[in-house]
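Peer 1: Read top to bottom, the protein sequences are chains A and B. Just so we're aligned, residue 607 is where the first sequence starts under the numbering used here, counting upward by one. Just so we're aligned, residue 607 is where the second sequence starts under the numbering used here, counting upward by one.
Treat the hints loosely; a few may be bogus.
Since the list gives no way to pick out one identical chain from another, each pair is judged satisfied if it fits inside one copy or across any two copies.
In silico lysine-lysine, PhoX-like type, Cα no more than 20 Å apart, as pairs [unchecked claim]:
{"no.": "1", "residue 1": "914", "residue 2": "1001"}
{"no.": "2", "residue 1": "689", "residue 2": "1012"}
{"no.": "3", "residue 1": "889", "residue 2": "844"}
{"no.": "4", "residue 1": "889", "residue 2": "841"}
{"no.": "5", "residue 1": "890", "residue 2": "732"}
{"no.": "6", "residue 1": "844", "residue 2": "1013"}
{"no.": "7", "residue 1": "1012", "residue 2": "660"}
{"no.": "8", "residue 1": "654", "residue 2": "844"}
{"no.": "9", "residue 1": "709", "residue 2": "654"}
{"no.": "10", "residue 1": "1012", "residue 2": "914"}
{"no.": "11", "residue 1": "967", "residue 2": "1012"}
Rather than coming from a laboratory, the hints here were simulated on the basis of the structure. Remember, it's a predicted structure, so these values are computed and weren't measured experimentally.
Number of protein chains: 2
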Amino acid sequence: MNQLTGACIIGQSGGPTAVINASAQGVIQTALQQGCITRVLGAAHGIKGVLDDKLYDMGQEDPAELELLKYTPSSALGSCRYKLADPDADDTDYKRILEIFQKYNVRYFFYNGGNDSMDTCNKISKYMQKSGYECRIMGVPKTIDNDLNGTDHCPGFASAAKYIATSCAEVWQDAHVYDTGMVTVVEIMGRHAGWLAGSAALASLTGCGPDLVYLPEVDFDMDRFIADVKAVYEKTGKCMVAVSEGIHYADGRFVSEAETSATDGFGHAQLGGLAVMLAEVVKKNTGAKVRGIELSLLQRCASHAASKTDVEEAWQAGSAAVEAAVSGVTDKMVAFQCTREGGYQCKTSLEPLDIVANFEKKVPREWINAAGNGVEQPFLDYVLPLIQGEPESPKENSLPRFAHLKKVLTTSM
Amino acid sequence: MNQLTGACIIGQSGGPTAVINASAQGVIQTALQQGCITRVLGAAHGIKGVLDDKLYDMGQEDPAELELLKYTPSSALGSCRYKLADPDADDTDYKRILEIFQKYNVRYFFYNGGNDSMDTCNKISKYMQKSGYECRIMGVPKTIDNDLNGTDHCPGFASAAKYIATSCAEVWQDAHVYDTGMVTVVEIMGRHAGWLAGSAALASLTGCGPDLVYLPEVDFDMDRFIADVKAVYEKTGKCMVAVSEGIHYADGRFVSEAETSATDGFGHAQLGGLAVMLAEVVKKNTGAKVRGIELSLLQRCASHAASKTDVEEAWQAGSAAVEAAVSGVTDKMVAFQCTREGGYQCKTSLEPLDIVANFEKKVPREWINAAGNGVEQPFLDYVLPLIQGEPESPKENSLPRFAHLKKVLTTSM
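Chain A on its own, in the form it takes in the complex (with noise of 0.2 Å):
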């Protein structure tokens, strides 16, 4: 083994999750036990707080609050969007990084988040291998979206499966109490890949589920859109929709930005929402009663309907990529290897960072029914295990008590 001494920084990076501050809790708590990691850091907002030298001292929080974090949704250091350039064309922000990285010894990086984020990951890791800085580069992966390749599911994802599940359950019976007719739209966050919206459908095992799902993984059509909700409502009184924000036509239109801009040209798409509008478009046509409903920012954040088992594989995908790191292993983002039959199992394994940036993983067509409406078992099976148990998350006045950090900025060596 080949020990390297230095600092540590730790980084979180894209939307946040219920659960990424338990991915950076298993990043700190397992740092500050190595003897070869003199000090972690913590980035303010992801690789901005490298590029502006703003650099918590971790070591300086209370271990008390330290544990909080894991029942503290969003990113608790601060997030960041930040796009690198490609280095062969502008270098300027990777010699600021290696400068921050001597300035500080860091001999560690590790960053949280999700395909844009390990493309930051991956950029940085290569430029380091080029300039000769030894730095052990891991990526830790976080996403509600779930379309990282080369792990079976992301932490995060779980949670907020969990949340719209449980949601979905709810409306529906709120939905059905009247006697009169009624359609009700939820949207639910996922642009490109359909694993959110399809997690609707767990709600389904508890006896009230949505009638019809729709994935962007399957082209939409309106006409048969209006024609499924007609045939359900026609026959029940009543339809429950869930739809994902990324739907679009065929054409590859987003059915958001298509259909307001259609109608009234001035930027419908962002007042009203996909959900509001399909509910309206049901209405003109079924004359039913509707409700749209949008999730909105609530998906990814409720940490109080949070997943144990996501809770607990987020600390183990932090924790996990210390200790690889601790023991040589650079360049690589932790993934998870599971096993359903006989019992849900998960592995930490490591992949190449290379193979997992800037691909999205979609959801199997053969997941998905015949008719595009629809998830089939397996991907109820795939999820099922995936959000079980309950975290016990510490109240205070029976309301959530975050971890408070001090956030102490470090100024030198």
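With chain A fixed as given, assemble chain B onto it according to the hints.
Peer 2: Structure of chain B alone, referenced to chain A:
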């Protein structure tokens, strides 16, 4: 004590809540134990079920499923929004109700709902008194709006308040993740009273609450709103606003309707919603990135985030109604009388249906701050005890296990 033997009917009416079924359960379980109550009938869709002679025999339900009603949101028997006519103008419905009461020898009638439902209950009570048909008629309170007169608070309110506070705390975390500007507007139910919108301020107890809260008790002024948001945004780069759907201008026009019709004149109100509209106003005036979030139905059916206190009190309200009726009481609504000093205590009382019906209890002006954009400590002291405790909601596969009722229609005595 005047022993009265016969059947009872329980009906649910108005918008559902997370705990209205706990009240129904309180009625059903307590009624099933009374020797003088020969049969417990559930009205399908409230008073409409009585008029339509659609009554379920609750004695045929599996007791274990009845037990699950405590954790099942929305109205399990079905609800309605049916307004009875003034009996002096048209007594058709009343005659029909009397006919059904006679058909099944109904001597106890429990009606579970909010303002309109207490009006229904009151009218039926007075009609039965006038007609000389002996029937004990009791109101069981329910409304997330918390606007019923004569009671400290209403079952259903606290669970919605808790969901709103929890969600606002989580959204606050999410909205503070980037180092770029962001204004978030959260729209909360409550057409005429601001109890729910004000409860968003409970999130501040977690350190993550809205900066500004607007209740319908104070006339809304758009210029002042913009100035309020600007002041917070310019100071901190962020601003989170909680707003009641019922905010209105001094002339009484709802902001949602007034503004949206001014914008495009074709029913935008239905399309966009208030949160999104206000977010757009802020965007135009500050250039900030904005996000409008409507909590929609989610806030009234979120049994997964209910208050244990609320669940238990809701059950108690139903049970107390039966006990009072059996002991000879009629023409009353069960209410709560609470003390908070020296620890929260809640006792049931019985209030005349007349004083409850058709009066909306608002948030006292002195519980709202002088600027009209936040609530004062007495408001928080009032709500906080009500949201305490986590119910032990049963789960299957880590998803809610709701009650499955057989709903066996009864056809004869």
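Peer 1: Against this structure, judge whether each hint is valid.
Peer 2: Quick rundown of the hints versus the structure:
{"no.": "1", "hint": "914 - 1001", "result": "both (16 Å within a copy, 14 Å between copies)"}
{"no.": "2", "hint": "689 - 1012", "result": "neither (28 Å within a copy, 57 Å between copies)"}
{"no.": "3", "hint": "889 - 844", "result": "within (12 Å within a copy, 37 Å between copies)"}
{"no.": "4", "hint": "889 - 841", "result": "within (16 Å within a copy, 44 Å between copies)"}
{"no.": "5", "hint": "890 - 732", "result": "neither (55 Å within a copy, 43 Å between copies)"}
{"no.": "6", "hint": "844 - 1013", "result": "between (51 Å within a copy, 19 Å between copies)"}
{"no.": "7", "hint": "1012 - 660", "result": "within (14 Å within a copy, 62 Å between copies)"}
{"no.": "8", "hint": "654 - 844", "result": "between (49 Å within a copy, 19 Å between copies)"}
{"no.": "9", "hint": "709 - 654", "result": "within (16 Å within a copy, 76 Å between copies)"}
{"no.": "10", "hint": "1012 - 914", "result": "neither (27 Å within a copy, 33 Å between copies)"}
{"no.": "11", "hint": "967 - 1012", "result": "neither (37 Å within a copy, 43 Å between copies)"}
The structure is inconsistent with the numbered hints 2, 5, 10 and 11, although it conforms to all the rest.
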